[in-house]
Each structure stands twice: as structure tokens, then as C-alpha cells.
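Q: One letter stands for each residue in the lines below.
2 protein chains.
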Amino acid sequence: MNNSPWLDEVKWDANGLVTAIAQDEKTQRVLMVAWMNREALQLTADTGIAHYYSRSRQKLWKKGEESGHTQTVAELRLDCDGDVIVMQIAQAGGIACHTGRESCFYRRYQQGGWQTVDAVIKDPAQIYRA
Amino acid sequence: MNNSPWLDEVKWDANGLVTAIAQDEKTQRVLMVAWMNREALQLTADTGIAHYYSRSRQKLWKKGEESGHTQTVAELRLDCDGDVIVMQIAQAGGIACHTGRESCFYRRYQQGGWQTVDAVIKDPAQIYRA
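Sequence lines, in order, name chains A and B.
Position one of the first sequence corresponds to residue -13 (this note's numbering), numbered consecutively onward.
Position one of the second sequence corresponds to residue -13 (this note's numbering), numbered consecutively onward.
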């Protein structure tokens, strides 16, 4: 039995998930946003490596398990209403996005549309080759 | 009729909402996370002032309408799968949280629990007095 009152303080949604933001501990850039279930948050705290829950694959997901782009967690914070976590992380490879970019937030609103403003650092075909 | 293809590119959830992160444009601190519906995002882009959708009150919410702690938006970004927005903002009063703190993320995980590590800048009773 786990005795984890800190996990009970998180306001899990109807699907048992919480929003998790990964922020680069050095540059403070927001790199990605994903979801965690209870197991993912517990594992993240225990191992110091970011774990998420993949809604599309419906399973626990250790970020970087395929790409090698793991995230080492320096700090976890919870917001006032308990439904969002911000992590300070060190991003292996300097790439968080599956498109091969540093951050998932590579589109900026300008001239009435979302414009891609960040370059691809590494071809995803190279990142995810079998 | 609005012709807003950029709004169609957002992956609205089943409730017509998208997650919105407000990040201080100077310090890069994540100040708060809330939700936007289509109208809120359109208004945010049109006015340059952050608007959200309050799920608890089920209505459009101009941040700071009661507290005066409005947010002036310098940049909007959308993530790779289109379901999260990051805003670069200037926070009026230096307080984003309803608890009177700079950021909603004032609890840090340490020693097995969420510890409050940030001070209250202004008493909420003073912020929200009638």
C-alpha cells in the first residue's frame, strides 16, 4: 500500500489525469504540455525522470523511451486549484517535440494565422528510426 | 460571419475549450493556466488582453475584471497538436493568482509533500473587496 497524501491533493480529472507542463530549467522556455495519471506522477517524483500518460496510446509513457529525449526533473510545482503541474526539467538532446524541434510551441500567431517560426533541429525520421 | 481559419486550427476539446498558459514575458515564470473557448481566444487576439472561459462560472472571463490584474498579451503560440496555447504576457499588479501571489504555482514538491514556498503579495480581501 502506498501512503501518498500528496497525490491525493492533486485534483485528478474525470479520467484520472492532470495537466503537466515541462519548462526548461535554464531557458525557462515551455517545451511541452502533456498528461499524467497517478502512476506517472509517482514515478516522476521517485525517479526524477518525467513520465506521462499517453491518452492516444492509453498507457504510461516515459518521455524519451523511443527518441532518447528524456527529461530530468529538477522541480515539481502544483497550482492553486491542484489541477496543473509545472516541472523544471533538463531536456536531453535539446529536443522535446516529436517534430524534431526544441519546443512543441513553434507556431506563433501573426498576420492573422499560426506561423511556424522555429526550425527543426533533427529530422524525426532520424530520431524515431527503428 | 467571421472567417477565422486560424481558430479552426485549434483542436478544441469536447467542451469547446483549449488549455491556455500565461507566462510572464520578462521573467518567463508560468503564472497561471486556465481555459479558453473560441470567443475568448478571438477576443484575446483582437484586444491584446487575456480573456478566458471560466468552467466553474460557465462564462467568458476577462482576467482582472474584478481584481484589476489584467494581462497584456505580447505573443500567442500554439503547440504541435493544437490543444495548448502559451501566451507571453505582462501581468498588471504583478499578481496572477487569486490567493494574492505572483503565480498560481506557489507549492513545490519537497520532503514528500506540496510545500507553500511563495509569499502572498497582497491580501485577497483587499484585492476583491466590493
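Treat the hints loosely; a few may be bogus.
The list treats identical chains as one, so a pair stands whether inside a single copy or across any two.
Claimed, not checked - Each computed EDC-like pair below joins lysine to aspartate or glutamate, with the alpha-carbon atoms no more than 20 Å apart:
no.	residue 1	residue 2
1	Lys48	Glu(-5)
2	Lys12	Asp67
3	Lys(-3)	Glu51
4	Lys(-3)	Asp67
5	Lys48	Asp104
6	Lys12	Asp109
7	Lys45	Glu11
8	Lys45	Asp10
9	Lys45	Glu25
10	Lys(-3)	Glu25
11	Lys12	Asp(-1)
12	Lys108	Asp32
13	Lys12	Glu25
14	Lys45	Asp109
15	Lys45	Glu(-5)
16	Lys12	Glu52
17	Lys12	Asp69
18	Lys45	Asp67
19	Lys108	Asp(-6)
20	Lys108	Asp67
21	Lys45	Glu61
22	Lys48	Asp(-6)
23	Lys12	Asp(-6)
24	Lys48	Asp67
Honestly, the hints are just simulated from the structure, not real lab data.
Q: Hint by hint, work out which the structure violates, then give me just those numbers in ascending order.
A: 1, 2, 3, 5, 6, 7, 8, 11, 12, 13, 14, 15, 16, 17, 19, 21, 22, 23
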